[in-house]
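K.L.:
Below, each chain spelled out in residue letters.
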Amino acid sequence: MATNLLARLNLPGFESESKKVKHYGVVANFDTPEDLLRAVRTARAAGFSKMEAYTPFPIHGIDEALGAPRSPLGKIVICCGLTGLASAILLQWWTGAVDYPLSVAGKPLFALEPSVPIMFELSVLLSAFGTVLGMFHLNRLPTYYHAFFNYSKAEGASNDRFLLAVEVEDPKFNAEEVKTFLDSCGSRHTELVEA
Amino acid sequence: MAHHDHHQVTDNYFLAPETWTKVRNSLVFVALVSWLALAAGFATNREQFQFSYLVAFAYFVSLALGAMFYVMVQHLTGSAWSVTVRRLMENIMRTIPLGLILVLPVIFGTHYMYEWTHAAAAKDPVLSKKLGFLNDQWFIIRSFIVLGLWSLFSWRLYAISRAQDDNGSLKHTQAAERWSAPGLLMLFLTASLAAYDWVMSLDPHWYSTMFGVAFLSGGALAFMAALILICLGLRSAGYLENSVKEEHYHDLGKWLFALTVFWAYVTFSQYMLIWYSNLPEEVAWFQRRLAGGWYNWRPFMIFGHFFLPFFALMPRASKRNLKMLGFAAGYMIVMHYFELYWQVMPVLHGKGPQVSWMDPVAFVAVGSAFGLVFWSGLRKKPLVPVGDPRLDQCLAFHNV
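Each protein sequence line maps, in turn, to chains A and B. Numbering-wise, the working numbering puts 86 at position 86 of the first sequence, and it's gapless, one number per residue. Position in the second sequence (from 1) plus 195 gives the number in the working numbering.
Where hints are given, some of them may not hold.
With a straight-line Cα cutoff of 30 Å, these simulated DSS-like cross-link-like pairs (lysine-lysine) come out [to be verified]:
1) K172(A) - K50(A)
2) K518(B) - K75(A)
3) K440(B) - K75(A)
4) K172(A) - K153(A)
5) K107(A) - K546(B)
6) K75(A) - K179(A)
7) K518(B) - K449(B)
8) K50(A) - K153(A)
9) K576(B) - K440(B)
10) K440(B) - K366(B)
11) K75(A) - K449(B)
Hints listed in this document are in silico derivations from the structure and should not be mistaken for laboratory results. Predicted model, so just to flag it, every value in this text is computed and none were measured.
Pulled out of the complex, with its shape left as it was, chain A reads as follows (with noise of 0.2 Å):
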């Protein structure tokens, strides 16, 4: 830990593991979605894993290709729903037959239909929350850096270029076999990434 951490301070004598540049992956770049989609396909054949693509619009079929689990993000909404649905039930029954009993126009304190509306609101409400939080966390934002952004044309991403990356954690990564194969995929410019 603590040569860890003098290593990262960059101390003359600590220096020598980091001294090794790390690589966030090698990005390739490619004319059309078309093209992108294939090389995901082929690279996936070819037993590669860890692999992100950036695209300046949605692609579809991607997600499959890619491998991408579904998003788990239905069930956290579910669960913030459902969460909503209980503490409405809750407070309608604590704050009219507990807390501050008012009997209005003969209804009983607590009563299931005028607490419907709540219920649905506070469903929904929950549930909103659930699925912008979410998914900023599922998507890790704010992120304030990334390595991606190293590669020389990763503006081409918001633009016309559709950009694969195979990450250096994939089981498979070998910087110049993975440079080969890629450009034999129809990369126009691939690149080693700094992370």
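Knowing the structure of chain A, use the given hints to seat chain B on it.
P.N.:
Structure of chain B alone, referenced to chain A:
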């Protein structure tokens, strides 16, 4: 987004003549038997006949109106996903003119069903003021006006879509949009009017401005369920396998789910407002429908019509699993009948539900008549709008 994947669609868009004839013959047979049986019911127990018939009539008219609503919405939103199922929607919509004939037993039987036709209504302090609206003459005029308007719009929209089959001109798409915008407005106003006349005026003291929307939402739900079942039926016979795919079923399932929620929203809003104000003239409607044996009908509406399908249809997997979706659709078809039954029948059987043999027979009779009109639209005509400019986009449709 436009797709450039190369989809090889080899579907046959025309039903085999022998398949068509076989189904037509079975429908004719069922119709003959059920209408004969219904005629016997008409002769033996007129009152029961009228009520059983009214439920069946309201059911299939609301279903066809649901189809018209959806056809118009598809045109107005410029939907691409629904193109391959739109012709089936249009064929369901096209059954509406049949209502002009099938409304006759309702019109000739008002005296058996509607309290406002009785002589005592003139002395009733509430009803006497409503008789200017609720009388046989205006009931008949309104019935034919609404059915006439629906027939006109359904005929136009169908004709426009069929004309596009031949030349694929964009002009037809624009014409359909022009008919759909005023059509949607017309539909909500006239469907409310029809629901007030045919169903709500069974309890003439009572009124609810929500009733029309509730009627239409139930009809749209039954329609969506019917559409899913028809697509699955054609699929099992080997049709539309590549044109109505899992992706399309997923969206139809989303609609089935959404309509379940919408129905519950509207129906519950109506109930809650009445519960909360607790006024005798408003509560009476629910009192009648919760009295005696009808009290046990509640779970069908609360759990059967909402909670069960709501949670069953919520997961993505159940909308993409065709067996599950087909089951849910068949289930909702029945549930809509339960709802209309519960709205109509307590007027006849105040003490509790008394199921008569005429209930299913009337349902089958009216259903087979509507079914025959629907089926006639599939003869030698393409099952999908082959000239629609968005057809290719629909065939390549994919949920994100």
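K.L.:
Each of the hints needs a verdict: does it hold here or not?
P.N.:
Results for each hint:
1. Restraint check for K172(A) and K50(A): satisfied, since their Cα atoms lie roughly 9 Å apart, inside the 30 Å limit.
2. Note on K518(B) and K75(A): the hinted pairing holds, with a Cα-Cα distance of about 24 Å set against a maximum of 30 Å.
3. Between K440(B) and K75(A), the direct Cα distance comes to roughly 26 Å. Compliance with the 30 Å bound is thereby established for this hinted pair.
4. This hinted pair checks out: K172(A) and K153(A) have alpha carbons roughly 25 Å apart, not beyond 30 Å.
5. Of the pairs offered as hints, the one joining K107(A) and K546(B) holds, with about 27 Å between alpha carbons and a cut-off of 30 Å not exceeded.
6. About 38 Å separates the Cα atoms of K75(A) and K179(A), which puts this hinted pair outside 30 Å; it is violated.
7. At most 30 Å may separate the alpha-carbon atoms for a hinted pair to count; K518(B) and K449(B) meet this at roughly 15 Å.
8. For the suggested pair K50(A) and K153(A), the alpha carbons sit about 21 Å apart, so the restraint of at most 30 Å is met.
9. For the given pair, K576(B) sits about 21 Å from K440(B) by alpha-carbon distance, which is consistent with the 30 Å threshold.
10. A C-alpha spacing of about 28 Å is found between K440(B) and K366(B), which places the hinted pair at or below 30 Å, so the restraint holds.
11. Note on K75(A) and K449(B): the hinted pairing holds, with a Cα-Cα distance of about 17 Å set against a maximum of 30 Å.
In terms of the numbered hints stated before, the structure departs from hint 6 and from no other.
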